Amino acid sequence: MTDETQAPAAHASTPPYLAADDVGLVAPQDFVYPRAFTFKNGQELTGLTLRYETYGTLNATRDNAVLICHALSGNHHAAGWHTPADKKPGWWNNLIGPGKAVDTRRFFVICANVPGGCSGSTGPSSLNPATGEAYGLRFPALTILDMVRAQKLLLDHLGVAELHTVIGGSMGGMTAMLFAIEFPRFTRRLLAMATTAREGAQAIAFNEVGRQAIMQDPAWLNGDYARDGGPRVGLAIARMMAHITYLSDASMDRKFGRRTIQSREQSPQLRAELAQQPATADFNLQFEVESYLRHQGQTFINRFDANSYLYITRALDQFDLDHAYGSLENAFAPVLAESLVVGFTSDWLFPPEQNRLITQALLRAGKRASYAELATDLGHDSFLLESEELYALIRGFLERAPAQTLDFAI
Amino acid sequence: MTQPVEKRTVDMQIIGDWVEPHTRVLDLGCGRGELLDYLVQTKHVSALGVDLDFAKVTACVHRGVPAYQGEMIACMASFPARHFDRVICSRTVQELHAPATVIAEALRVARSVTVGFVNHGFWKNRLDLLVRGRKARNAVYTTAWAESRPANPVSVADFEDFCAAEGIRITRRAHLMGDWKTPCPALPNLLAGYALYDLTR
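As they're listed, the protein sequences go chains A and B.
All letters in the first sequence, in the order written, are residues 6 to 415 by my numbering.
All letters in the second sequence, in the order written, are residues 16 to 216 by my numbering.
Any given hint could be a false lead.
Straight-line alpha carbon distances no greater than 20 Å define the calculated SDA-like cross-link-like pairs of lysine to any residue that follow [claimed, not checked]:
| no. | chain 1 | residue 1 | chain 2 | residue 2 |
| --- | --- | --- | --- | --- |
| 1 | A | K93 | A | L23 |
| 2 | A | K93 | A | R361 |
| 3 | A | K260 | A | G302 |
| 4 | B | K139 | B | R149 |
| 5 | B | K150 | B | G136 |
| 6 | B | K71 | A | Y22 |
| 7 | B | K71 | A | I306 |
| 8 | A | K260 | A | I249 |
| 9 | B | K71 | A | R373 |
| 10 | A | K92 | A | P20 |
| 11 | A | K92 | A | Y22 |
| 12 | B | K58 | A | P21 |
| 13 | A | K93 | A | P33 |
| 14 | B | K71 | A | P21 |
| 15 | B | K139 | B | R126 |
| 16 | A | K105 | A | A397 |
| 17 | B | K71 | A | K93 |
| 18 | B | K58 | A | R373 |
| 19 | A | K92 | A | H300 |
| 20 | B | K71 | A | A380 |
| 21 | B | K71 | B | H98 |
| 22 | A | K157 | A | T43 |
| 23 | A | K45 | A | K105 |
| 24 | A | K92 | A | P21 |
| 25 | B | K71 | B | I88 |
| 26 | B | K71 | A | N227 |
| 27 | B | K58 | B | Q28 |
| 28 | B | K150 | B | E110 |
| 29 | A | K105 | A | R190 |
| 30 | B | K139 | B | D194 |
| 31 | B | K71 | A | P33 |
| 32 | A | K157 | A | R190 |
| 33 | B | K71 | A | A397 |
| 34 | B | K58 | B | A115 |
| 35 | B | K71 | A | L23 |
| 36 | B | K71 | A | E404 |
| 37 | B | K150 | B | I88 |
| 38 | B | K71 | A | R405 |
| 39 | B | K58 | B | D32 |
| 40 | A | K105 | B | R152 |
Hints listed in this document are in silico derivations from the structure and should not be mistaken for laboratory results.
As the structure is a computational prediction, the values presented were derived from the model and not from experiment.
Whenever a hint applies, use it, and build me the whole structure from the sequences.
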């Protein structure tokens with residue numbers, strides 16, 4: 006900023022990871038649980054590893070920790086950059102950093118890849134030390150509760166005495182809620198966004214289509230595919246379909262409309278792809294939205310494991326606070342955290358109503374809870390939105406206004 | 016003329032006198048949470064506000080007052096009977112779409128309901144219409160009709176008739192003169208600028 010007037014050229018080339026409000030270069034770490042980890046279904050797993058990142062510093066009283074819980078396709082890389090050459094920072098870099106809404110000058114921020122995942126934590130694609138082969142479908146059945154318990158072990162390992170706040174959107178919101186339920190004395194604040202206490206039939210249906218796309222792919226081989234192979238077509242289709250559910254009609258219309266790929270400048274990559282298409286078919290790439298979804302599918306297969314997708318979507322479908330605790334009020338009965346639930350008007354995957362139900366149950370259970378609803382047209386992914394309004398809300402929740410005697414002249 | 020900001024404070028103090036300590040209070044149209052913050056600090060109530068506006072809910076969250084963004088009837092409908100000790104509906108009643116439904120629902124979810132409103136029977140408001148033939152414009156209603164939110168001009172007499180017809184018991188009244196400070200000794204429908212009622216079934 007100060008260089009702006011003196012050396013505009015230097016400023017323009019300042020890499021984003023050196024920005025004052027960026028956490029900068031970060032390196033993931035591994036936590037290996039020294040004992041056998043018992044999953045909810047009773048199966049044990051030795052050598053459970055969680056890959057995680059931290060930003061900021063744990064304070065002397067060890068109570069300034071903020072746990073970030075990622076969504077289905079997310080991972081531990083929530084903020085910062087792994088190398089200066091990275092094209093993109095962590096997935097919630099707009100929220101986390103020095104002076105940002107989750108201020109790393111105040112908070113010790115932790116984000117871990119969930120067990121069952123495929124970004125470094127133990128999951129179906131990890132090698133079973135007993136057999137030397139990938140677990141595949143021999144990996145224990147996974148639940149959100151397992152994700153919560155595993156991350157609690159990590160927090161204990163890091164010496165966190167209590168969580169200042171647990172934050173999560175979508176599946177991360179489920180994880181965050183369960184943290185507040187299962188570890189009430191440990192969790193002081195709960196921030197759940199674009200989430201649900203139980204998926205409706207529609208959300209389960211979408212997950213099932215994704216799973217079928219994977220399992221019907223001949224390369225799936227009952228989950229015993231080679232590391233570099235697997236049901237790439239099925240996984241890409243699953244991702245294409247799921248990605249639509251994260252957006253909205255309005256946002257897709259704004260971004261793509263009915264524009265065709267012929268109407269825009271074509272990258273060499275796209276030209277190569279078009280050249281490969283059969284000349285006769287009428288079902289080649291035509292619309293930009295098709296090209297975008299194919300790209301989303303192709304990017305996803307290079308970073309995500311098909312079996313992890315099966316396991317985690319199943320964990321999402323199984324999550325049902327009403328059923329697991331008798332009622333939603335019962336589920337929230339032990340909660341000591343102050344809660345904030347945020348819904349987004351255009352989210353049709355976990356719509357505002359499902360977020361309202363969570364808040365209402367917390368309130369009926371006599372808890373301190375707030376509900377805010379942001380008007381956006383970006384669909385489910387709105388919780389990742391760059392929005393000053395959302396930042397102000399989150400900052401306001403994390404950093405309470407200093408207690409003051411009321412000025413009666415207000 | 017008295018500034019509206021000071022008038023709000025008077026409203027707050029009277030409501031504060033009526034609220035029992037350590038009770039559960041729901042504020043309909045809580046705005047930025049000033050009233051609830053005051054009640055938390057002075058009466059240690061367990062507070063919840065309802066407001067339609069995201070920025071106002073943000074302000075509540077920032078000051079530590081729990082708030083629910085949404086429509087007040089739907090919000091109250093999610094609570095069992097008598098969940099709250101008191102519902103407050105202050106300075107919002109004239110702007111409600113369905114005041115009778117809101118008050119009935121408030122009387123279901125709470126033992127007592129506090130309603131505060133500007134008295135449109137107040138002589139100055141009458142003069143505006145009678146002499147000037149125009150919508151009331153004063154420190155409270157500062158805007159012209161086209162810039163104003165829809166409002167039901169309710170008077171003290173209207174409100175008392177409504178309570179009688181609905182079988183709602185009025186347990187306390189506060190009628191204030193045009194300065195919103197001095198208690199109104201008589202003829203409240205004509206002389207009171209502001210009225211506060213405590214209701215129960």
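Verification of the hints:
Proposed proximity of K93(A) and L23(A) is supported: the alpha carbons are some 14 Å apart, at most 20 Å. Between K93(A) and R361(A) the CA atoms are separated by roughly 33 Å; this puts the pair beyond 20 Å, and the hint is violated. With a C-alpha separation of about 18 Å, the suggested pair K260(A) and G302(A) falls inside the 20 Å cut-off, and the hint holds. For the suggested pair K139(B) and R149(B), the alpha carbons sit about 12 Å apart, so the restraint of at most 20 Å is met.
The suggested pairing of K150(B) with G136(B) holds, with an alpha-carbon distance near 13 Å, which does not exceed 20 Å. Of the pairs offered as hints, the one joining K71(B) and Y22(A) is violated, with about 35 Å between alpha carbons and a cut-off of 20 Å exceeded. Distance check on the hinted pair: K71(B) and I306(A) sit about 43 Å apart at the alpha-carbon level, beyond 20 Å; violated. Our distance criterion of 20 Å between C-alpha atoms is met by K260(A) and I249(A), whose separation comes to about 13 Å.
For the given pair, K71(B) sits about 17 Å from R373(A) by alpha-carbon distance, which is consistent with the 20 Å threshold. As the CA atoms of K92(A) and P20(A) are separated by approximately 11 Å, the hinted pair is consistent with the 20 Å bound. Note on K92(A) and Y22(A): the hinted pairing holds, with a Cα-Cα distance of about 11 Å set against a maximum of 20 Å. Taking the CA atoms of K58(B) and P21(A), the gap is about 50 Å. The hint is violated against a cut of 20 Å.
Our distance criterion of 20 Å between C-alpha atoms is met by K93(A) and P33(A), whose separation comes to about 16 Å. For the hint pairing K71(B) with P21(A), the CA-to-CA distance comes to about 34 Å; that exceeds 20 Å, so the pair is violated. For the proposed pair K139(B) and R126(B), the alpha carbon gap of about 35 Å is over 20 Å, so the pair is violated. Our distance criterion of 20 Å between C-alpha atoms is met by K105(A) and A397(A), whose separation comes to about 10 Å.
Taking the CA atoms of K71(B) and K93(A), the gap is about 34 Å. The hint is violated against a cut of 20 Å. Restraint check for K58(B) and R373(A): satisfied, since their Cα atoms lie roughly 17 Å apart, inside the 20 Å limit. Taken as a hint, the K92(A) and H300(A) pair is honoured in the structure, with Cα atoms around 16 Å apart against an allowance of 20 Å. Between the alpha carbons of K71(B) and A380(A) the distance comes to roughly 14 Å, so the proposed pair stays at or under 20 Å and holds.
Simply put, K71(B) and H98(B) have alpha-carbon atoms about 24 Å apart, too far for the 20 Å limit, and the pair is violated. Taken as a hint, the K157(A) and T43(A) pair is honoured in the structure, with Cα atoms around 13 Å apart against an allowance of 20 Å. Proposed proximity of K45(A) and K105(A) is contradicted: the alpha carbons are some 37 Å apart, above 20 Å. The hinted pair formed by K92(A) and P21(A) meets the criterion: a straight-line CA distance of about 10 Å does not exceed 20 Å.
The straight-line distance between the Cα atoms of K71(B) and I88(B) is roughly 18 Å, inside the 20 Å bound, and the hint therefore holds. Under the criterion of a C-alpha separation no larger than 20 Å, the hint pairing K71(B) with N227(A) is inconsistent with the structure, at around 53 Å. This hinted pair checks out: K58(B) and Q28(B) have alpha carbons roughly 11 Å apart, not beyond 20 Å. Proximity of K150(B) to E110(B) is assessed by CA-CA distance (about 15 Å); at most 20 Å being required, the pair is judged to hold.
Only pairs whose Cα atoms come within 20 Å are accepted, and K105(A) paired with R190(A) is rejected, the gap being roughly 27 Å. Distance hint between K139(B) and D194(B) is fulfilled; the C-alpha atoms sit about 12 Å from each other, no more than 20 Å. A C-alpha spacing of about 39 Å is found between K71(B) and P33(A), which places the hinted pair above 20 Å, so the restraint is violated. Taking the CA atoms of K157(A) and R190(A), the gap is about 12 Å. The hint holds against a cut of 20 Å.
The straight-line distance between the Cα atoms of K71(B) and A397(A) is roughly 11 Å, inside the 20 Å bound, and the hint therefore holds. For a cut-off of 20 Å, the pair hint linking K58(B) to A115(B) is broken: about 29 Å separates their Cα positions. As the CA atoms of K71(B) and L23(A) are separated by approximately 35 Å, the hinted pair breaks the 20 Å bound. Proximity of K71(B) to E404(A) is assessed by CA-CA distance (about 17 Å); at most 20 Å being required, the pair is judged to hold.
For the given pair, K150(B) sits about 29 Å from I88(B) by alpha-carbon distance, which is inconsistent with the 20 Å threshold. Annotation: proposed proximity of K71(B) to R405(A) holds, straight-line Cα distance about 15 Å (limit 20 Å). Simply put, K58(B) and D32(B) have alpha-carbon atoms about 9 Å apart, close enough for the 20 Å limit, and the pair holds. Taking the CA atoms of K105(A) and R152(B), the gap is near 44 Å; set against the 20 Å cutoff, the hint is violated.
This entry does not satisfy hints 2, 6, 7, 12, 14, 15, 17, 21, 23, 26, 29, 31, 34, 35, 37 and 40, going by the numbered hints stated previously.
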